[in-house]
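Asks: Each chain, letter by letter, is given below.
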Amino acid sequence: MSAIARKTKMNKLEDAFIYAILGAIAFTALFPLVYVFIVSITPLSEVARNGGYTVFPGKVTFDAYATVFKSPLVPQALKVTVFVTVVGTLANLLFTALLAYPVSKKSLPFRNGILLFLVFTLLFNGGLIPTYLVVHATGLVNTLGALIVPSLISTFYLLIMKTFFENFPEELIEAARVDGMGEFRLLFQIILPLSKPVVATLGLFYGVAHWNEFFAGIIYINDPELMPLQVVLRNILVGSTISGDLQTLNPQLMAELPGETIKMALVVVSVLPVLFVYPFLQKYMTQGMMLGAIKG
Amino acid sequence: MRKVMITVRPMLMMVLVLCLAAVLLGGCGGNKDNSSNTTSNATQGGTDGRQASGSDGERLTIEIFSYSPIANASLPPDQEDFVRQTIENKFNVNLKMTYNMVEGNDRYNKLNVRLASNDSPDIVISGGLKALEYKNNNVLIDLNEFVSPETMPNYFKWVTPELVFKRFSMDKTRPEIQRIPIPVVKVTPVSWYIRQDWLDTLGLKVPTNLEEFMKVAYEFTYSDPDRNGKKDTYGFSVSANGQGVTFDWPQWMAHGIEGALYIKDNKVVHYQMDYRAEHVLRDINRMVKDGTVDPDWFLQKGQAHIDKAVQGKVGIIRDYTGKFGLEGDPASPASRSKQVNPNAKWTAFNAIEGVPGWQDNLPSMSYVVTKVAGKNKEKIQKALQIIDFFYSEEGFLLARYGKEGVHYTRNGNKITLNPDNIKRDILDKNYWLSIYQVFVPEDPEVLGLEVIDPRLTDRDREMLQKIKSYPISQSIGTNVAPPPGVDLVAQSKLENETMAKIALGELPPEAWKTTLDKIMNEMGGKELLDSYTEQARAAGMIK
Chain A
1 MSAIARKTKM
11 NKLEDAFIYA
21 ILGAIAFTAL
31 FPLVYVFIVS
41 ITPLSEVARN
51 GGYTVFPGKV
61 TFDAYATVFK
71 SPLVPQALKV
81 TVFVTVVGTL
91 ANLLFTALLA
101 YPVSKKSLPF
111 RNGILLFLVF
121 TLLFNGGLIP
131 TYLVVHATGL
141 VNTLGALIVP
151 SLISTFYLLI
161 MKTFFENFPE
171 ELIEAARVDG
181 MGEFRLLFQI
191 ILPLSKPVVA
201 TLGLFYGVAH
211 WNEFFAGIIY
221 INDPELMPLQ
231 VVLRNILVGS
241 TISGDLQTLN
251 PQLMAELPGE
261 TIKMALVVVS
271 VLPVLFVYPF
281 LQKYMTQGMM
291 LGAIKG
Chain B
1001 MRKVMITVRP
1011 MLMMVLVLCL
1021 AAVLLGGCGG
1031 NKDNSSNTTS
1041 NATQGGTDGR
1051 QASGSDGERL
1061 TIEIFSYSPI
1071 ANASLPPDQE
1081 DFVRQTIENK
1091 FNVNLKMTYN
1101 MVEGNDRYNK
1111 LNVRLASNDS
1121 PDIVISGGLK
1131 ALEYKNNNVL
1141 IDLNEFVSPE
1151 TMPNYFKWVT
1161 PELVFKRFSM
1171 DKTRPEIQRI
1181 PIPVVKVTPV
1191 SWYIRQDWLD
1201 TLGLKVPTNL
1211 EEFMKVAYEF
1221 TYSDPDRNGK
1231 KDTYGFSVSA
1241 NGQGVTFDWP
1251 QWMAHGIEGA
1261 LYIKDNKVVH
1271 YQMDYRAEHV
1281 LRDINRMVKD
1291 GTVDPDWFLQ
1301 KGQAHIDKAV
1311 QGKVGIIRDY
1321 TGKFGLEGDP
1331 ASPASRSKQV
1341 NPNAKWTAFN
1351 AIEGVPGWQD
1361 NLPSMSYVVT
1371 KVAGKNKEKI
1381 QKALQIIDFF
1391 YSEEGFLLAR
1401 YGKEGVHYTR
1411 NGNKITLNPD
1421 NIKRDILDKN
1431 YWLSIYQVFV
1441 PEDPEVLGLE
1451 VIDPRLTDRD
1461 REMLQKIKSY
1471 PISQSIGTNV
1481 APPPGVDLVA
1491 QSKLENETMA
1501 KIALGELPPE
1511 AWKTTLDKIM
1521 NEMGGKELLD
1531 SYTEQARAAG
1541 MIK
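In the order they appear, the protein sequences are chains A and B. Counting in my numbering, the first sequence tops out at residue 296, every number present. Counting in my numbering, the second sequence tops out at residue 1543, every number present.
Because the hints were derived from the structure by calculation, they are not lab data. There may be inaccurate statements among the hints.
With a straight-line cut-off of 25 Å between C-alpha atoms, the simulated PhoX-like cross-links for lysine-lysine are [as the list claims (entries may be wrong)]:
1) Lys59/A <-> Lys1231/B
2) Lys59/A <-> Lys1230/B
3) Lys1429/B <-> Lys1264/B
4) Lys59/A <-> Lys70/A
5) Lys70/A <-> Lys1267/B
6) Lys1429/B <-> Lys70/A
7) Lys79/A <-> Lys1429/B
8) Lys1231/B <-> Lys1166/B
9) Lys1382/B <-> Lys1414/B
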């Protein structure tokens, strides 16, 4: 074989080797997710027979999902969480942009003072009780507002947006001003459309945070009809973390536990929507990796 | 100066307005449409709209911080909630039930945040360990001035003053009591159940001791009792959840351990800290080695062994609910196993005849009142009156079964249930009545009532009577807490691990003595047992 041909063969071998290793790593990363999904569509009898471990189910059934959706409050909680996520994320983005833009302009009076004020909240936090007191005093307890308003602007994301706006080419803004654009129009018609990476990235972060909202749901919400999804799912699952002692001394508690397949269906229900939205935002995320390196 | 014109594109303006409106709406109170079966609500559904502070006209608002016995149960709208209507009319209050969390740490986190913000509910239902924590943090009031057989006559039909003021007290050296117990069913209907049709096929009798039990389990495994030509059945099964061996095995009673935590011959017996467990584990291992136990017994969780019994894969199990074998109840495992095999028949039995296999029940949940709530004495008195109501005949029947004439009919002391109406109004509506049932246990005999479920067959009734007749060990009589410095969790972990390993054959039975010695002498086991004994003595259970 010629030297070149040998080299190509070596490359092919190397490539195959690398693909194999990466494939194995990807498999170990993906397998738990796939496993969860598979168990959720396996009939319970099969799962029980194999001690809770099935890879290729003989039969496929969606009974677990039917049970989950028939279960009290899950459909309602889904609605609540979707509402809070959509509205909350839009509000998040709106208010973050409204604050980030002026603060990014060096000509803002007292800019340094305002920035100091904001960064201070990044480092120091009132804590749980003062936050609860404030939310309680504003009458937001036991309303959906408690899940949206207190976390309206995250300082960290605000600073990201501010940095992005700071790097926005000044010429574009000048040109718009010359055309007689007002500030609001400038923000909404010129700057935000060109900020798709940061808007999509922050939108995803805020959205996932709203979707996963758990602790705020516990302490602020009393009405079962207003409970967000994660709290409802956790209520269903919490019995299965019973300790061994309690299990023996309180066997009646065990009688109410959900089966393995239902637990897996719950996991899929809580993860799937975010998993579904992510691919649409992914191209903006990769663009967003170049944040700060904008080309006008 | 440039004129600042605010001209924004209409669509963006709409989005802006929508966002602000949604945020404001979200803050305006939980008026979200209730997807649960409601038509038009004259009043707002659920508990929103009731202000915790202040009163509606002259009505007080009483808040009870409870838990969901069934995950995500929710009360129906007010028109359908007859328990609420009765209480609110009778006591002229607004009743606020905060129950949306299941019993667990999350619920207490929620409560702690509220307490720290001085926003305390009037009555709190708390578990034992948490009540102790609250007491030690000086958060609770002494209930002596509010609780007595005179002020709560119905409650004291279910509990004795000795239990409330002495045995359940968290500090037996002082007269103050910071909690009062929620009554529980006196005796749990624990029993083993065996496939009678398999016994008949193989010509065997119901076992009455360990040897017979093991023999029957052997036959169930190897002699194809369901005659389907396949070796797909096992004698016995449990669900150990990967921890320990469970208390379902008759081996425990066969070797003198007759309950999980109980008093015998003036001594405290703890099933995980007893040297006799060596023999128990040896015999468990015998069954495991013989293959007469479902091989998934150790890893499976929850009700998996019951499911297998329903599927016809297992011939003997132990059940703690009392409802396993009731063929008249369509939800019972016995009924469900009939759907799999119409010949399936289950018999309840005591595997070691004449020997107790469980102890009587101790209350664990309790009512406590925080100092913040306790400032308003009138409210607390009213709240305790409401609690007392649940223990009266009227309250008990209302919370347990429903409305007279609709969900049951009454003839003297006989209550005959109407399962169809119960299903229609209660069970099919997410079993909402269970939220009120946390107050009262299902023990009609305490009030001298007899409850008849018309669906039960005579055989079912005999089965329930038989289970009632089993002997029972004496409970330890008081909630016990480990002494400070003793790591109960570490001990328990080691005990479970060792038991499992011996049962599975990875360690010899003699290893139990070595391990228990270590736990007793080096890990504080002796201190624990001594402390339990002391606490039992202080409660008057031991001389």
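Asks: Against this structure, judge whether each hint is valid.
Replies: Checked hints:
1. Lys59/A <-> Lys1231/B: Between Lys59/A and Lys1231/B the Cα gap is close to 22 Å, so the pair holds against 25 Å.
2. Lys59/A <-> Lys1230/B: holds, 21 Å
3. Lys1429/B <-> Lys1264/B: violated, 45 Å
4. Lys59/A <-> Lys70/A: Given pair Lys59/A, Lys70/A holds - Cα atoms ~22 Å apart, limit 25 Å.
5. Lys70/A <-> Lys1267/B: violated, 50 Å
6. Lys1429/B <-> Lys70/A: holds, 11 Å
7. Lys79/A <-> Lys1429/B: Cα-Cα ~19 Å, so holds.
8. Lys1231/B <-> Lys1166/B: Given pair Lys1231/B, Lys1166/B is violated - Cα atoms ~56 Å apart, limit 25 Å.
9. Lys1382/B <-> Lys1414/B: Status violated; Cα separation ~31 Å.
Figure legend: structure checked against the earlier numbered hints; hints not met, in rising order: 3, 5, 8, 9.
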